Structure formats: structure tokens, C-alpha cells
Amino acid sequence: MNFGLKTDELNPYDVIVCGAGHAGCEAALAASRCGAEVLILTGNLDTVAQMSCNPAIGGQAKGQIVREIDALGGEMALNTDLSAIQFKLLNSSKGPAVQAPRAQCDKKAYQLRMKHVLELNENITTFQSIVDGLIIEKGKCIGVKTTLGINFYGKAIVVTTGTFLRALMHVGKEKAEGGRLGDHVAKGLSADFAKYGIELNRFKTGTPPRLLGRSINFEKTEIQYGDKEPTKFSFYDTRNKEEMFHVEQKGRWFHMEQAEQLPAVQCYTTRTTSQTAEIIKNNLHLSPLYKGDISGTGPRYCPSVEDKIVRFGEKEGHRIYLEPEGINTDEWYVNGLSTSLPFDVQNHVVQSIPGLEKAVIIRPAYAVEYDYANPTQLARSLESLKIESLFFAGQINGTSGYEEAAAQGLVAGINSARKALNENPVIFGRDEGYIGVLIDDLVTKGTTEPYRMFTSRAEYRLLFNHTSSELRYIPKLQILNLVSQNRKQAILSKSLVVNDWVKRIRTEKVHANDTYADLIKRGEDETKLPEDFRKLHKETRSEILYRVKYEGYLLRELKNIERMKDSERIKIPKNFSFKDIPGLRIESAEKLSVIKPETLAQANRISGVNPSDISVLMILLAKSNTN
Amino acid sequence: MTEGDTIVSLATIAGESALGIVRVSGNLSKSLCNDIFNIVSPTPRKAILKNYLSIKGKIVDQVLVIYFENGKSYTGEETLELTFHGNPLIANQILDDLIKRKCRLAEPGEYTKRAFLNGKIDLSQAEAVAELISANSEIEIEIANHQLRGSLSKRLHIIQSGIINLQAQFEASIDFPEDEIKEKDVGEILAVVEPLKTSMTQLINSTNIKSTLSQGIKISLIGPPNVGKSTLFNKLVHENRALVSKDSGTTRDYLSKELNIGGYKIELFDTAGIRKTISEVEQLGIQNSIQLINDSAIVLLVFDSSLPYPSEFYNSIQNEIKSKTIIVVENKIDLNRKLSSHDYPLNSKIITTSMNNDDCSINIISVIEKVLNEKFKINPTSDILVSKRQSNHLVKALSHLDEVISLISSSINEEIILQELKLSIECINHIVGRTDNEDMLDQLFKNFCIGK
Numbered sequence: 060m061n062f063g064l065k066t067d068e069l070n071p072y073d074v075i076v077c078g079a080g081h082a083g084c085e086a087a088l089a090a091s092r093c094g095a096e097v098l099i100l101t102g103n104l105d106t107v108a109q110m111s112c113n114p115a116i117g118g119q120a121k122g123q124i125v126r127e128i129d130a131l132g133g134e135m136a137l138n139t140d141l142s143a144i145q146f147k148l149l150n151s152s153k154g155p156a157v158q159a160p161r162a163q164c165d166k167k168a169y170q171l172r173m174k175h176v177l178e179l180n181e182n183i184t185t186f187q188s189i190v191d192g193l194i195i196e197k198g199k200c201i202g203v204k205t206t207l208g209i210n211f212y213g214k215a216i217v218v219t220t221g222t223f224l225r226a227l228m229h230v231g232k233e234k235a236e237g238g239r240l241g242d243h244v245a246k247g248l249s250a251d252f253a254k255y256g257i258e259l260n261r262f263k264t265g266t267p268p269r270l271l272g273r274s275i276n277f278e279k280t281e282i283q284y285g286d287k288e289p290t291k292f293s294f295y296d297t298r299n300k301e302e303m304f305h306v307e308q309k310g311r312w313f314h315m316e317q318a319e320q321l322p323a324v325q326c327y328t329t330r331t332t333s334q335t336a337e338i339i340k341n342n343l344h345l346s347p348l349y350k351g352d353i354s355g356t357g358p359r360y361c362p363s364v365e366d367k368i369v370r371f372g373e374k375e376g377h378r379i380y381l382e383p384e385g386i387n388t389d390e391w392y393v394n395g396l397s398t399s400l401p402f403d404v405q406n407h408v409v410q411s412i413p414g415l416e417k418a419v420i421i422r423p424a425y426a427v428e429y430d431y432a433n434p435t436q437l438a439r440s441l442e443s444l445k446i447e448s449l450f451f452a453g454q455i456n457g458t459s460g461y462e463e464a465a466a467q468g469l470v471a472g473i474n475s476a477r478k479a480l481n482e483n484p485v486i487f488g489r490d491e492g493y494i495g496v497l498i499d500d501l502v503t504k505g506t507t508e509p510y511r512m513f514t515s516r517a518e519y520r521l522l523f524n525h526t527s528s529e530l531r532y533i534p535k536l537q538i539l540n541l542v543s544q545n546r547k548q549a550i551l552s553k554s555l556v557v558n559d560w561v562k563r564i565r566t567e568k569v570h571a572n573d574t575y576a577d578l579i580k581r582g583e584d585e586t587k588l589p590e591d592f593r594k595l596h597k598e599t600r601s602e603i604l605y606r607v608k609y610e611g612y613l614l615r616e617l618k619n620i621e622r623m624k625d626s627e628r629i630k631i632p633k634n635f636s637f638k639d640i641p642g643l644r645i646e647s648a649e650k651l652s653v654i655k656p657e658t659l660a661q662a663n664r665i666s667g668v669n670p671s672d673i674s675v676l677m678i679l680l681a682k683s684n685t686n
Numbered sequence: 006m007t008e009g010d011t012i013v014s015l016a017t018i019a020g021e022s023a024l025g026i027v028r029v030s031g032n033l034s035k036s037l038c039n040d041i042f043n044i045v046s047p048t049p050r051k052a053i054l055k056n057y058l059s060i061k062g063k064i065v066d067q068v069l070v071i072y073f074e075n076g077k078s079y080t081g082e083e084t085l086e087l088t089f090h091g092n093p094l095i096a097n098q099i100l101d102d103l104i105k106r107k108c109r110l111a112e113p114g115e116y117t118k119r120a121f122l123n124g125k126i127d128l129s130q131a132e133a134v135a136e137l138i139s140a141n142s143e144i145e146i147e148i149a150n151h152q153l154r155g156s157l158s159k160r161l162h163i164i165q166s167g168i169i170n171l172q173a174q175f176e177a178s179i180d181f182p183e184d185e186i187k188e189k190d191v192g193e194i195l196a197v198v199e200p201l202k203t204s205m206t207q208l209i210n211s212t213n214i215k216s217t218l219s220q221g222i223k224i225s226l227i228g229p230p231n232v233g234k235s236t237l238f239n240k241l242v243h244e245n246r247a248l249v250s251k252d253s254g255t256t257r258d259y260l261s262k263e264l265n266i267g268g269y270k271i272e273l274f275d276t277a278g279i280r281k282t283i284s285e286v287e288q289l290g291i292q293n294s295i296q297l298i299n300d301s302a303i304v305l306l307v308f309d310s311s312l313p314y315p316s317e318f319y320n321s322i323q324n325e326i327k328s329k330t331i332i333v334v335e336n337k338i339d340l341n342r343k344l345s346s347h348d349y350p351l352n353s354k355i356i357t358t359s360m361n362n363d364d365c366s367i368n369i370i371s372v373i374e375k376v377l378n379e380k381f382k383i384n385p386t387s388d389i390l391v392s393k394r395q396s397n398h399l400v401k402a403l404s405h406l407d408e409v410i411s412l413i414s415s416s417i418n419e420e421i422i423l424q425e426l427k428l429s430i431e432c433i434n435h436i437v438g439r440t441d442n443e444d445m446l447d448q449l450f451k452n453f454c455i456g457k
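Top to bottom, those sequences are chains A and B.
Each residue of the first sequence is one higher than the last, beginning at 60 in our numbering.
Each residue of the second sequence is one higher than the last, beginning at 6 in our numbering.
Hints are not guaranteed to be accurate.
[Unchecked claim] Facing chain A, according to a computed beta carbon distance under 7 Å, are these residues of chain B, among others:
1) Phe121
2) Asn123
3) Pro182
4) Ile421
[Claimed, not checked] Derived DSSO-like pairs (lysine-lysine); straight-line CA-CA distance at most 27 Å:
5) A:Lys608 - B:Lys427
6) A:Lys153 - B:Lys107
7) A:Lys618 - B:Lys401
8) A:Lys374 - A:Lys340
9) B:Lys451 - A:Lys504
10) A:Lys618 - B:Lys187
11) A:Lys153 - B:Lys329
12) A:Lys624 - B:Lys427
13) B:Lys125 - A:Lys624
14) A:Lys608 - B:Lys401
15) A:Lys504 - B:Lys427
16) B:Lys427 - A:Lys153
17) A:Lys374 - B:Lys189
18) A:Lys580 - B:Lys189
19) A:Lys580 - A:Lys618
20) B:Lys451 - A:Lys350
21) A:Lys340 - B:Lys451
22) A:Lys618 - B:Lys105
23) A:Lys340 - B:Lys187
24) B:Lys187 - A:Lys279
25) B:Lys451 - A:Lys580
26) B:Lys107 - A:Lys618
27) A:Lys608 - B:Lys189
28) A:Lys153 - B:Lys451
29) A:Lys630 - B:Lys125
30) A:Lys374 - B:Lys187
31) B:Lys451 - A:Lys374
32) A:Lys624 - B:Lys107
[What the hints assert, rightly or not] Computed far set for chain A versus chain B, every beta-carbon distance over 10 Å:
33) Gln119
34) Glu196
35) Arg359
36) Arg378
37) Ser397
38) Ile421
39) Pro484
40) Arg520
Worth flagging that the hints you see were computed from the coordinates, not collected in a lab.
Just so you know, these numbers come straight off a predicted model, no measurement behind them.
For glycine and all other residues, C-beta sits at the position ideal for the given N, C-alpha and C.
Work out the full structure, taking the sequences as your base and the hints as a guide.
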């Protein structure tokens, strides 16, 4: 039980989380589930779990991540399902491995519910205060300083400051300090990081203008309906109602009735015109991007509209999506129109688009530059290699996206709690899911643009279909207390059911020559299967069918994982010196010394490290292990 | 980095020598003993003389086999040592065959590495081993770079980026479903894949040409007895090497001589005339002649045009010459012609001549040169010779592309096609160096406007 705030150095929190965005919230929740007493600090309690950019969760690769977060007891999936106003399964005509759920959310509903989740958690204290410095003792982080002049002490600190570090916003030539329109900037932390040898670089990102709905002529646009049958993010088949709607049951103002589906909305699409292109070209010299005012690197997958016109022309126009920000507001997000052009040019650009001729901008578009800390300075636990007990998660690691941030928050939350409780870190492997791919990519390869997950980044993509998330993380659930006992049991029995059915369908004959599997592989549908198959939960059925139908391809992936694991088993000692190793090229030695891979497999993934370097390492590791 | 598989390499120099040794290390060793030599449970460290039976069931050579059990070999793994007659062609056939049987060509220094990891080399030697491996790879890299600087590198990079482009196309349609990526139809994809395949096939074929050229092109004189083969041989090599007489069956063993025709290194063989005989010695010579047909790139079939068509002779070699390049020499045209020429193999070149003519050899040499040019002509700017290791990786890469084509035609999902494309790229990476997902993403963002 907490009686107010603790500021005593001798009685520290287990974990302090700095920032309450998507990474911070999951970090605090995961740490508390692992048994830690958590303090979460935010500069503004009104923007907890704020969706700073588009009002949507999921999408390709990201949707799979959210389901993995749910498999690991995270909150993002539940929070999305219960605040969504449109669901869509992307790639529904393609194979199961690349289908991804996406949802438009009510921005405020999302945020308020997540805030209440934090408030209801007995192990978590929330407090509004800007962190502006670290307290370091003998290379170890033991607390944080705030602008209130109060210090807080923790056994482990998680930094999830998003885009707020030395943040600078651009609208045309106008500049303002702040990580988000209307919000503050964090300056002190950057200086402290630099002081302790943590290298910082600049990235840039942007967001489009928001429009007033009643000024849009929707008749000139095309309607985008959501799916009639929503694909949700959380696993309903392994939870009871209480776990599903925990906030709605216990929350002071939340009610079960609200948990029923929010009203569904439509989105709309339109296109840029040759006039749009004309306006942009004529005003390109006013864009801070083209003027050279912005030095940070922006994401290639999310270019500003000026970038799109310059690089790809205006031939058929570029598609623009109009997405509502919620059901209690008439604010609309203009997906595809991110820009840093001056405000008057933004108005001309908007009004050159069919349906938006009379549209009123109620929030301007802007670009934001911010500091990030190259993630190669982290271990796979997300603990800093430079300062002990200091963890990093989210956009500060050079990523972009709510989902990527939340996934890192979860991992940092787990490992910071374990650090505080003197337990070994838990590593998420590339073979387990997108979360492992994300973490390993970041700490092994670093990133030169804001990192977003793509399914192509996962070498075992075929195994990462979203319905299998819970089954893939069973080994993690066995060692971590992330879900209730009830749910863990339910997941285990689902796993048994899936395995049994796969075996049965593979071996049981329909008639003399054919097994059920033969029928499925030939493209027959599930109505040909035994009666009781249809009694299974929909998600369980699709998982079973996937495993049967794609058996050969999945086996090949499993084999590749086994091969990778052989060298993943060869550990590199923490203080292993890569210097002066005969036969190891200097260039490789330097890279290895910086990144400090934890296993031989990880070393092998570092770009520029050759197979012959790996052979040399392997031999020396064998030697040092024997000695 | 794939420990546990079975590796194979030539332990002796790659050229003519009295004997050659191929070493096999890994857990397939015992089953290979059974499959190739029919030795069910080999006695460790005991030499056994056996025929090497290829996977197609053909005898490659007589081989001395020694099996070493686990823990008692150089590498510490189960090992086979195969000693064969030191002919590069035999070495190649054996290596090829072992690869077909799931072995893999060893990387530089790999035997030593395995020996070390299995504790067969003293720990104090570890650093020396590391240096050795790195030096070996350096040499290999240097050789490769030397080769790669030229047109080979260009060709391989074109292939590599062609496949990566295709990969980017599929990945874009998977990862950006809301970005209006235009999907290519089957025809468009085939139009991209087919030229890549052709290019790869050309490179693979140049491996075979390379080993043939550097070792000399074998040409043999084959025919019934007493048709003038030895006379022709002497004329072509400009000396009286072969014994010539009017008695048939004079040549019992084959003779060979190196010569140069049109700049090509040629090994010319005079052989025993082929006929039914009861003489055991002559019979052995005839067997050799037939074997030589197999080994030769070009066969000169010599006939006596004053005799009827020798069907008995022709029947006995019909199978061997089926796929060979044939030049028919009808000798003794100064005598009355009784030979009917209806039964020569398809596409044969035919020369009518008489050995009594002084300039007959000039005519024959010019025909041979023409045939050589057709068969082996290398265009120095476009044809590239690829090493065996490189060609092995290309063969694998090609097979994955074939799979891509068959998957596309059966309209399988993109993510499955991509699995094959990635494997294909991985094979090529072994030759020209590593690419990773970033290279694909570079292509993707260059080619498609992403950004919903």
C-alpha cells in the first residue's frame, strides 16, 4: 500500500518510469505484474497514452505486435478493443501470416481508460512532474530529479520520454520548443545523458493537419467501411469476463455497459490533385525540410506530402484518408498529408483536395525534431550498457509507432522489475515473435531512420501469424507472472487442443487414400472436418487449419530456428575483450566492442562482421569456455 | 556456421597426379560407405579397395576407402578418406556425387576448425588456428575479389539486385496493403525471372567449360580395326608415334599426345580398333576405347570407305556416342566405295579423305578447329568462368528460382514465394557477400511511394 509519495533515498521505489506514453504505461504495468512497486512520472497527466499522431492502433506488423503484447499480459490490446470505433483486418485476402488487425480508436476514450488502468493498479503511483536529470552513483542510476525540485529514488529507472528530448517543432519558418503541439520540452535529461557517455542523435517526424468535420464535403469522397465482423486484438477465448473488462468492473466511472461495442464509424478517402502538386512545388522553398532547417532524419515509410510529390510526382494523385479522432468530437485526422509547410500554404494544399475545398484546419500540421539515443548502446534487456539500472524504451530508442513503443515498454518493464528484485533479465528471441525481432534489430543493428516494424524484418514471419501469439509465448508465461493463473491454464489447454487436432487431422483417414489434412491442403474448407471441430473457438480453428495447410513451409522455418539456436547458445561473456584477437579484422573488432553482442548468433547479425570473423570468435569462445 | 552437416573437399592438389584424396567429415560418413561402396559396417582405419558407385549407379573409379570412427579422426568426427587415381575429372565426379548425396563443400579452414572444436587440437594452438582460418579466407577473398572485380562481379550483382527487386515488389504488397501498390501479374514476373535464370545458367555452364579447357580437350580416334586410325594419329601429331601395319588389331592399348589446334590444348587419343575378339589383351584395349569415348569431348569416327558399313562396330558404340560431338572420317576414298553413309549419328560432320594424300591432315585439322570453335568459343567480354564452389551456390539459387516460378503459376501466397526468393538470395550472398533486409527496403522505398 502506498501512503503518498516516497522521496527517501533509503526507501526507494523498485522501478521509476519516466514518461506515461505507450511505452511508459506498458512498462509500469508489466513491472507491477512482476511484483515491483512502481512510480510513473509524466509531464502532463492529461496526455497519458496520448495518440500524438493518427488515431489508430495496429496495421501491418504492428497489429501482430499488439496481439503479442496481449499474449504477454499487456494492456494495449484490451484498451484498443474497448475504445475502437472501426475494425479492419488488413491483407484478409492473403495468407494468415501476413494478415493484420487494425482499429480506428476514439482518442480520448483510449487515453482515459489507460489512465484509469494505471490509477486502479495498487502497485503503481502516478505523479505529474517533469524529469530533468538523473541521479547516478558509481555508474549506477539510483533516481531522478524533477523540475519541482523533488528527487525520487528507484532501484531501476525506465526512460520513456518519446519525442520530448530537446524537441523542436517546425511550421514553415516558425519554430517552437515542445514534443507535441501544446506540450513541454525536456532539456535537462539530454545533458545528463551526454555527461555519462550516452550518445544522442536527431530524428524528425511529422503529423498532418486536423480538420473540422462539418467543413468537409464528404459527398465528394469515397467511404471506407470497417469489417462487419471485427478482428479484435485481445484474446477473448482464454479470459473470463472479469479479466476482459477489469477497468469496467472496478473503475469508478467505467461500466460494463460501456464495454459493449462503441458505435462504428466510417473513414473516407480522397486524392491530391495536380493543383496540390503545383502549390507544393511553388512553395517548396518555404519547407524547413527543403530549406535545410531540419537536420534530423525522417522516416521513409511516412514521408511528408512534399516528399511524395518531389520523389514520385503527381501522376494519379496521392491517396488521402480522412479518419475521425473520436465519437465525442468533430476533429478529423488527414492521413497522408503530413507536412511542415507554413500554415497558409497548408490551407491552400488542403483546399486543393476534392471534398476539402472549404475545410477548416483546427490544428496545423508540423514537423518535430528530437533527440534519440542510438539503441546499440543497450543490452537485449533494454538496460543501458553505459549506466547500470537505467532502461530505455520507446521513441527515445529511435523507433516510431505506438505499438513498437508499447512492446519495448513491456520488455523494459519486465526487466527493470527483475533488476530491482535481483533476478536475471529475460530475453525475447527473434524466433518467438515480432517483439524479439524488434529488440534484437535495435540493439544489434541500430537504426538510421525512425524504426518501424515490417513483417519483412522477421526471418520466421510464417510462424508469426497473429492467432498464434499466445501459443508462442507459453515459455515466457511459464517463467513470468504476466497473466492470471486462470488465463495461463486456458492458454495451456488451448495449446493442447491445437496440437491434438493438428495431429488428428494429419493422421485420421477420411477414406482409403486421404487424411483430413490431404483434403485441407487440396483447398477443401473446414466443413469436411469432423463435427466437433466446429465447436472450437474461431481463432483456435484458424490456427489449426493454418498449421495443417502450411505444414511444409512452417517446418522449414522451425528447422531454420534450430540452426540459429545452435549459435545463440554460444554465449559471449560480458567482459569479453574483442581487442587484439589474432585473425579478427580491426573493423569488426571495433563494431563488436561497441555493440557487445551477448551471443555468437547476435554477433553474426551485426552488419560488416564477416563469417570468418565469426569462425575466429567461435574458436576463442570455445577456448575461454574451456579454460 | 552450419556445424553438424557433412563436409567434403579435395585434400590433394587439383590437377594431374598419381593419386588424389577426397576427405569427408561428418555424420553421413558411415551411411555413405554403405551407399557408395556397399560396405555395411566398415572396420575403422582399415583400407578397403572398392569401386566408387555414383548415385546414378555408374562406376567412377576404383577407390581405396578408409573409415575413421567418431573421436579417432583428424576432425574428431566420423571421417572417410577416399584415394583414387589422380585425374581431375575423377576428382570432380566424386565431389559432384558427394554433393548430390547431401555433403557440402568445406569452407576454408573448416576441417581445422572442427578439429579444434572437437578437442583434437591443443588449446594452445587456438590462436594459430584462428589466424590460419582468417588467412585462408583472406586468400579466398583475394582470389574472389580479383575475379569479382571484372565482369563476373557485375553479372552476379545484376542477378542479385534483380532478385532483390522482385523481393521488394512482393514485400511492398504485403507490408503496405493500404498504399495502392500495383501487383505484377504472372507474365510480368516471369519476364523478370527468366532472364535472371538464363544468366545464372550461363554462369553455371561456364564451370564445366573451365575445367575442360584448363585440363585439355580430349579427342579420340575410334573405329573398327585397320581403317587407318593410327596413320591419321601420326599425321595429326606430325610424328610416327603409333605403330602402323596392315594387320588388323595392331593397336592394343591407347596412345595419347598433347597438341595444339587453333589455340586449344588438345589431348589426342589413338585407340584399339573395336571388334569381337577372343584375345583377352585386345579385349581390354577395346574396353579402354569405349571408356575413352565417354571421356572425350569430340570423337573422330574413322571408317574404311572401301568396305561395307560395319554395323557390328557401330552397334557396339551406339550408346556411347549418342550425346557426343562426332566427326566422321571416311578414309581410303581412292579405293572403290562400298560404304553407305546412312547410319551416322545426327549432326555429324563428314570428311572424305585418303591417308595417302599428303595434305589430308590439313583438311581434317581445319574441320576439328571449326568444331572446337563452335563448342568452346569464349567471348572474353561476356563469358565468365565460375569456380566450382561458386557454381554450387548458383545451382542452389537457381533451384529456388525454379520453385518461385512453380509457386507463382500455382498462385501461392506471396509470403511463401518470398521464402524461396530469400533462400535464393542467400545462396548468391555466399559468392558476392552479404545483403540484408535493409538492401531490400532501400529498393522498396525507392520504387514505391509509401506513406498512408
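(message) Going through the numbered hints above, which ones does this structure break? Give me the numbers in ascending order.
(response) 2, 6, 10, 11, 25, 33, 35, 36, 37, 40
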